[in-house]
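First to last, the protein sequences are chains A and B.
Each number in this note's numbering corresponds to the 1-based position in the first sequence with 212 added.
Each number in this note's numbering corresponds to the 1-based position in the second sequence with 215 added.
Because the hints were derived from the structure by calculation, they are not lab data.
Among the clues, some could well be false.
Pairs of lysine-lysine residues, derived as DSS-like cross-links and limited to a Cα-Cα distance of at most 27 Å, are as follows [stated by the list, open to error]: (1) B:LYS371 x A:LYS253; (2) B:LYS476 x B:LYS504; (3) B:LYS476 x A:LYS234.
Over the 10 Å line for every Cβ pair with chain A, so calculated as not near, a few chain B residues [to be verified]: (4) GLN263; (5) ARG309; (6) THR315; (7) GLN342; (8) GLN347; (9) ALA392; (10) ALA421; (11) SER456; (12) ASN479; (13) ASN488; (14) ILE495; (15) PRO496; (16) ALA497; (17) ARG503; (18) ARG508; (19) ASN510.
To be clear about the criterion: a stretch of chain A counts as covered by chain B if any three or more of its residues have a C-beta under 8 Å from a C-beta of chain B, and this derived list gives those stretches [stated by the list, open to error]: (20) 244-250; (21) 273-280.
Each residue gets a CB set at the ideal place from its N, CA and C atoms; glycine is no exception.
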Amino acid sequence: MCLAVPGKVVEISEKEPILMGKIDFDGVIREVCLEAVPEVKLGDYVIVHAGFALNVLSEQEAQESLQAFRELDEIENNLTYNTDLDSDS
Amino acid sequence: MRYLEEFRDADLVQKVLSRIHNTVKNPWVIMEVCGGQTHSIMQNGIDQLLPDNIELVHGPGCPVCVTPLELIDKALAIASLPGVIFCSFGDMLRVPGSSTDLLKLRSQGAQVKIVYSPLDAVRIAQQNPDKQVVFFAIGFETTAPVNASSVLYANKLGLQNFSLLVSQVTVPAAMHAILGSTDNRVQGFLAAGHVCTIMGYHQYHAISKRYGVPIVVTGFEPLDLLQGILMAVVQLENGSSQVENAYSRLVNEAGNIPAQKMLNDVFEPCDRNWRGIGMIPASGLCLRKKFARFNAEEHFELADITTKESEICIAGHILKGIKKPTQCPAFGSLCTPQHPLGATMVSSEGTCAAYFRYASVKQE
Chain A
213 MCLAVPGKVV EISEKEPILM GKIDFDGVIR EVCLEAVPEV KLGDYVIVHA GFALNVLSEQ
273 EAQESLQAFR ELDEIENNLT YNTDLDSDS
Chain B
216 MRYLEEFRDA DLVQKVLSRI HNTVKNPWVI MEVCGGQTHS IMQNGIDQLL PDNIELVHGP
276 GCPVCVTPLE LIDKALAIAS LPGVIFCSFG DMLRVPGSST DLLKLRSQGA QVKIVYSPLD
336 AVRIAQQNPD KQVVFFAIGF ETTAPVNASS VLYANKLGLQ NFSLLVSQVT VPAAMHAILG
396 STDNRVQGFL AAGHVCTIMG YHQYHAISKR YGVPIVVTGF EPLDLLQGIL MAVVQLENGS
456 SQVENAYSRL VNEAGNIPAQ KMLNDVFEPC DRNWRGIGMI PASGLCLRKK FARFNAEEHF
516 ELADITTKES EICIAGHILK GIKKPTQCPA FGSLCTPQHP LGATMVSSEG TCAAYFRYAS
576 VKQE
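Extracted from the complex, chain A is given alone in its bound form:
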C-alpha cells in the first residue's frame, strides 16, 4: 500500500483546481497530483504513491549514501567504526 515509485516531472499544470503534473516513469507517463510538492521544478524526481507525489528526491543525499556504501571497505580495513552510513547526521 505504501508502495511509491520514483519518476521525473515532465509537465506542471495549474489548469485544474489542484496542482497537477505529468510524471515520466521510465517511459510511462501518468498524471500526478503535485499539491504536496509546490516547489517542484521540471526535471526533478519525485516519489509517487497512488497518483500523488509524496516528496522531491534529493540527488545530493542519494549520492552521499551511495558514496558511504562504497567507502565501507576502507572503513573495514581501518578497523574503526564510525557512523558514516547515517548520512543524515
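Keeping the supplied structure of chain A fixed, place chain B upon it in accordance with the hints.
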C-alpha cells in the same frame, strides 16, 4: 540518477552485508513495520542473507490487512446498493468479509471499480452525476494526504455525489501497542520510509526513549533495507536506542509540511479498530465535521452488521510479530491467495502472501 537500480547494486549490497555479519554478536529481533518492506525483504531474499542471529519479524503495516471486518462488511453493503459506483484499490477486492468479497459482488453485477488513485474516483464522480461514487479510503499516513486531496478536490468541484468510506490508521500508535504488549519480542524497529516521508520522524524519539528500542527510518530497495538493519544492529550491540534516518534522500525530521496540512485540514485523530489486533486508542484518522458530507458512513443508512471471522486464521498474531505464517495450520493448504481465510494472505503487502509467493523461507 533514477533512484532505483543504484540502490540494488550487488557489490554494494555485499559490502553492507559483510559489515552486518562482522557487527552482530548477539541474537536480535527486529521488526520492519511496513508490509512493502516485508515483500521487498522476501522478494530479494534478504532474510536468507542475514546472520542467523538476526530475526526479522513482520509488522502490521499493511492497511488492507488491518482494515476491520466491520468496515469491509459496510463496504460490501454499500457496493450492493443500486446507483452506487464503489471504487477501491485493487488489493481490497479479494479480502474476505463475513460472507462475501467485493470481487464476488462485482461478478454478480455490482459496480465495483479498481482505481489507481482516489483522484480517479473523483473523476468518475464528475462523469457520473446520477450515481453515488464511494472510495474505500484505507491506508496509513502515506495515503492520508492523497485521500485528503480527493475530498479537497471534490469540494472545489462542488461534487455532491462523492464520499469516502474511511479506514485510515497511523503507525506510531501501532508501535506503542506492539511494544507495550506483554508478549512483545521486538528489540528494534525499521520505521516505514514512506510514512516518514509525509510525517517526518520527530514523533519516534519518545517511543524509542520510553521502550529503549532503536528506530531506524528505512527505505524499500535492498541497499536501503540493509542499511536500516545495519544501523539498528550497531545500536543494539552498543546498547543504544536512538532514532536514525537511513532514507535521507527522501525523509527529513519534520516531514512534508504541505502534505501534513492537507491531512490535518480534512482528518482528525480518532480511535480505530485494527483487524486481528483490536481497538487502539487514537490510532486512526476520521473526517472532520466540516467534511461530514463526504463521509459514506453518514451518507448511507446501513442495517446493523454482525461480523464473523475465520476460526482458524492467526492473522492477529502475525500482525503483532508473535507468529510466522509457517506456524499457521491453514497456511498454503486451506488458505492461499486464491482462497484466503484472512487479509494477510490477500494483500500485496500481507506477510502470509509474501511467504506464499517467495516460498524459500527458513523453516521454523
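Cross-check of the supplied hints:
For the suggested pair B:LYS371 and A:LYS253, the alpha carbons sit about 25 Å apart, so the restraint of at most 27 Å is met. For the suggested pair B:LYS476 and B:LYS504, the alpha carbons sit about 17 Å apart, so the restraint of at most 27 Å is met. Under the criterion of a C-alpha separation no larger than 27 Å, the hint pairing B:LYS476 with A:LYS234 is consistent with the structure, at around 23 Å. With a least beta-carbon separation of about 21 Å from chain A, B:GLN263 lies farther than 10 Å from that chain, consistent with its non-interface assignment.
Every beta carbon of chain A lies more than 10 Å from that of B:ARG309, the smallest distance being close to 14 Å; the non-interface claim holds. Its beta-carbon lying about 22 Å from the closest one in chain A, B:THR315 satisfies the requirement of being farther than 10 Å from that chain. B:GLN342, annotated as away from the interface, keeps every beta carbon of chain A farther than 10 Å; the closest lies near 15 Å. With a minimum CB-CB distance of about 21 Å to chain A, B:GLN347 clears the 10 Å threshold, and the non-interface call stands.
Consistency note on B:ALA392: stated as away from chain A, and its beta-carbon is indeed over 10 Å from all of that chain's, at 19 Å minimum. Listed as outside the interface, B:ALA421 is consistent with that label: its C-beta sits roughly 19 Å from the nearest C-beta of chain A, beyond the 10 Å cut-off. Residue-level check passed: B:SER456 sits 15 Å from the nearest beta carbon of chain A, beyond 10 Å. Every CB of chain A is more than 10 Å from the CB of B:ASN479 (nearest about 13 Å), matching its label as outside the interface.
Separation of B:ASN488 from chain A is adequate, the least Cβ-Cβ distance of about 18 Å exceeding the 10 Å criterion. Every CB of chain A lies more than 10 Å from the CB of B:ILE495, the least distance being 18 Å, so the non-interface label holds. Interface exclusion of B:PRO496 from chain A stands, the closest Cβ pair being 23 Å apart, more than 10 Å. At roughly 20 Å from the closest C-beta of chain A, the C-beta of B:ALA497 stays outside 10 Å, upholding its exclusion from the interface.
For B:ARG503, the requirement that its beta carbon stay farther than 10 Å from each beta carbon of chain A is met, with the minimum near 18 Å. With 10 Å as the threshold on Cβ separation, the claim that B:ARG508 sits away from chain A holds: the shortest Cβ distance comes to roughly 18 Å. Every beta carbon of chain A lies more than 10 Å from that of B:ASN510, the smallest distance being close to 20 Å; the non-interface claim holds. With 5 residues carrying a beta carbon less than 8 Å from a beta carbon of chain B, the segment 244-250 of chain A meets the three-residue requirement, and the given coverage holds.
Residue count for the segment 273-280 of chain A with a Cβ under 8 Å from a Cβ of chain B: 6. That meets the three needed, and the coverage hint holds.
In summary, this structure violates none of the numbered hints.
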